[in-house]
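Trainee: Sequence:
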Amino acid sequence: MVSEYFYGWYFRCQGEDGTFAVIPAVHISGRKQTCSIQIITETGSWNQEFPICQFRISRPKGIMQIGDNLFSEKGLRLKMEKAQGGVEISGILRFGKLTRPRYDIMGPFRYISGMECTHTVYSMFHSVNGDVVINGKIYHFRNAKGYMEGDSGRSFPEKYVWTQHFLKNGSLMFAAASIPLAGLRFTGTTGILFYKGREYRFATYMGALVRKMGENELLVQQGRYCLEVRFPRQAGEALSAPQKGEMTRRIRENVSHMAEYTLSYQGKTVFRVKTNHAAFEYEIKEEENEDISNHSGENQGKILKRRYHRIQ
Numbered sequence: 001m002v003s004e005y006f007y008g009w010y011f012r013c014q015g016e017d018g019t020f021a022v023i024p025a026v027h028i029s030g031r032k033q034t035c036s037i038q039i040i041t042e043t044g045s046w047n048q049e050f051p052i053c054q055f056r057i058s059r060p061k062g063i064m065q066i067g068d069n070l071f072s073e074k075g076l077r078l079k080m081e082k083a084q085g086g087v088e089i090s091g092i093l094r095f096g097k098l099t100r101p102r103y104d105i106m107g108p109f110r111y112i113s114g115m116e117c118t119h120t121v122y123s124m125f126h127s128v129n130g131d132v133v134i135n136g137k138i139y140h141f142r143n144a145k146g147y148m149e150g151d152s153g154r155s156f157p158e159k160y161v162w163t164q165h166f167l168k169n170g171s172l173m174f175a176a177a178s179i180p181l182a183g184l185r186f187t188g189t190t191g192i193l194f195y196k197g198r199e200y201r202f203a204t205y206m207g208a209l210v211r212k213m214g215e216n217e218l219l220v221q222q223g224r225y226c227l228e229v230r231f232p233r234q235a236g237e238a239l240s241a242p243q244k245g246e247m248t249r250r251i252r253e254n255v256s257h258m259a260e261y262t263l264s265y266q267g268k269t270v271f272r273v274k275t276n277h278a279a280f281e282y283e284i285k286e287e288e289n290e291d292i293s294n295h296s297g298e299n300q301g302k303i304l305k306r307r308y309h310r311i312q
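In terms of this note's numbering, the sequence shown opens at residue 1 and continues consecutively.
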């Protein structure tokens, strides 16, 4: 039996009335087995824990149930009364067709055993329709935007930065993290810019290098391409995250805030977006917010990128 494990999904929904995210998850640490639902809005975050007997999942059908709450690739049904989590939420959302990545976001790392955390992107973009009430505030979603991903493993990375943003004709997601592997530790990255029906991918297994990683900046270089992401120094809302299967870590997420994304090729800007509606999440110590000497990540990228094409 697995003694340390977590498995969770992440849904982000953005409409004219605001943005919220919901994270259903199951977590196991030793003999302790629980499940939980976390809700994040632009003004607060709430975490409600449930006994493991209220957890059901069908991975082949893509359906998870916790208590009266149902989560799937087709939509959400939410119903929680104020309890220890302090949130009252109800509503039904329906999703349109999911926009899936061309292949697994983890690339060859998906097949390496013993990874601390594995990541999955289920949909870069899909439509959202329905209504949700959170602590008395009504969110109307009319052909709104949605994003879905998931994580599993033992623990969240020791240091990481993650961001996601909806574009007029697409969506983007980028992440960088400190990764322990085979007794070594390197800074890896993965991300997708889905724009006008085309997928541009950055990843360690494609030769991408993380040049800077901090709570307000991410700089990634892949060949002659350079991606820079800048955030303001905002604390964000506190969330619980897994540490050896137990939800004891505290991280920060801002579900809708200012950010700037710049993609350049040979020093020439080819794509730039400034927004007030980006999501970002991080756990970075202040003294570690600096340039990264990433020799181990560079060597790992050179080995793995031979199996994959660069973005054109």
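Treat the hints with caution; some may be incorrect.
Claimed, not checked - Quick list of in silico lysine to any residue cross-link-like pairs, SDA-like style, CA-CA up to 20 angstroms: (1) Lys-61 <-> Tyr-122; (2) Lys-74 <-> Glu-49; (3) Lys-82 <-> Phe-95; (4) Lys-32 <-> Glu-16; (5) Lys-82 <-> Phe-50; (6) Lys-61 <-> Leu-98; (7) Lys-32 <-> Phe-95; (8) Lys-145 <-> Pro-180; (9) Lys-244 <-> Lys-61; (10) Lys-74 <-> Ser-113; (11) Lys-145 <-> Thr-120; (12) Lys-79 <-> Asn-69; (13) Lys-212 <-> Gly-170; (14) Lys-79 <-> Met-115; (15) Lys-244 <-> Pro-180; (16) Lys-74 <-> Phe-50; (17) Lys-168 <-> Lys-32; (18) Lys-145 <-> Arg-77; (19) Lys-145 <-> Ser-29; (20) Lys-145 <-> Thr-275; (21) Lys-97 <-> Thr-120; (22) Lys-32 <-> Thr-248; (23) Lys-212 <-> Lys-244; (24) Lys-79 <-> Arg-100; (25) Lys-97 <-> Glu-116; (26) Lys-145 <-> Gly-130; (27) Lys-74 <-> Asn-129; (28) Lys-212 <-> Thr-248; (29) Lys-244 <-> Gly-75; (30) Lys-212 <-> Lys-168; (31) Lys-212 <-> Val-133; (32) Lys-145 <-> Tyr-122; (33) Lys-145 <-> Arg-100; (34) Lys-97 <-> Arg-252; (35) Lys-274 <-> Glu-16; (36) Lys-79 <-> Leu-98; (37) Lys-79 <-> Gly-130; (38) Lys-61 <-> Gly-85.
Worth flagging that the hints you see were computed from the coordinates, not collected in a lab. Predicted, not measured: the structure shown is a model, and the values here were computed from it.
Trainee: Against this structure, judge whether each hint is valid.
Mentor: Outcome of the hint check:
no. : hint                : in the structure
1   : Lys-61 <-> Tyr-122  : holds, 13 angstroms
2   : Lys-74 <-> Glu-49   : violated, 24 angstroms
3   : Lys-82 <-> Phe-95   : violated, 26 angstroms
4   : Lys-32 <-> Glu-16   : violated, 40 angstroms
5   : Lys-82 <-> Phe-50   : holds, 13 angstroms
6   : Lys-61 <-> Leu-98   : holds, 14 angstroms
7   : Lys-32 <-> Phe-95   : violated, 34 angstroms
8   : Lys-145 <-> Pro-180 : violated, 34 angstroms
9   : Lys-244 <-> Lys-61  : violated, 28 angstroms
10  : Lys-74 <-> Ser-113  : violated, 31 angstroms
11  : Lys-145 <-> Thr-120 : holds, 19 angstroms
12  : Lys-79 <-> Asn-69   : holds, 6 angstroms
13  : Lys-212 <-> Gly-170 : violated, 25 angstroms
14  : Lys-79 <-> Met-115  : violated, 34 angstroms
15  : Lys-244 <-> Pro-180 : holds, 14 angstroms
16  : Lys-74 <-> Phe-50   : violated, 23 angstroms
17  : Lys-168 <-> Lys-32  : violated, 44 angstroms
18  : Lys-145 <-> Arg-77  : holds, 17 angstroms
19  : Lys-145 <-> Ser-29  : violated, 35 angstroms
20  : Lys-145 <-> Thr-275 : holds, 15 angstroms
21  : Lys-97 <-> Thr-120  : holds, 17 angstroms
22  : Lys-32 <-> Thr-248  : holds, 13 angstroms
23  : Lys-212 <-> Lys-244 : violated, 27 angstroms
24  : Lys-79 <-> Arg-100  : violated, 28 angstroms
25  : Lys-97 <-> Glu-116  : violated, 31 angstroms
26  : Lys-145 <-> Gly-130 : holds, 12 angstroms
27  : Lys-74 <-> Asn-129  : holds, 11 angstroms
28  : Lys-212 <-> Thr-248 : violated, 27 angstroms
29  : Lys-244 <-> Gly-75  : violated, 30 angstroms
30  : Lys-212 <-> Lys-168 : violated, 28 angstroms
31  : Lys-212 <-> Val-133 : violated, 39 angstroms
32  : Lys-145 <-> Tyr-122 : holds, 14 angstroms
33  : Lys-145 <-> Arg-100 : holds, 14 angstroms
34  : Lys-97 <-> Arg-252  : violated, 30 angstroms
35  : Lys-274 <-> Glu-16  : holds, 18 angstroms
36  : Lys-79 <-> Leu-98   : violated, 24 angstroms
37  : Lys-79 <-> Gly-130  : holds, 14 angstroms
38  : Lys-61 <-> Gly-85   : violated, 29 angstroms
In this structure, the earlier hints numbered 2, 3, 4, 7, 8, 9, 10, 13, 14, 16, 17, 19, 23, 24, 25, 28, 29, 30, 31, 34, 36 and 38 are contradicted, and the remaining ones agree with it.
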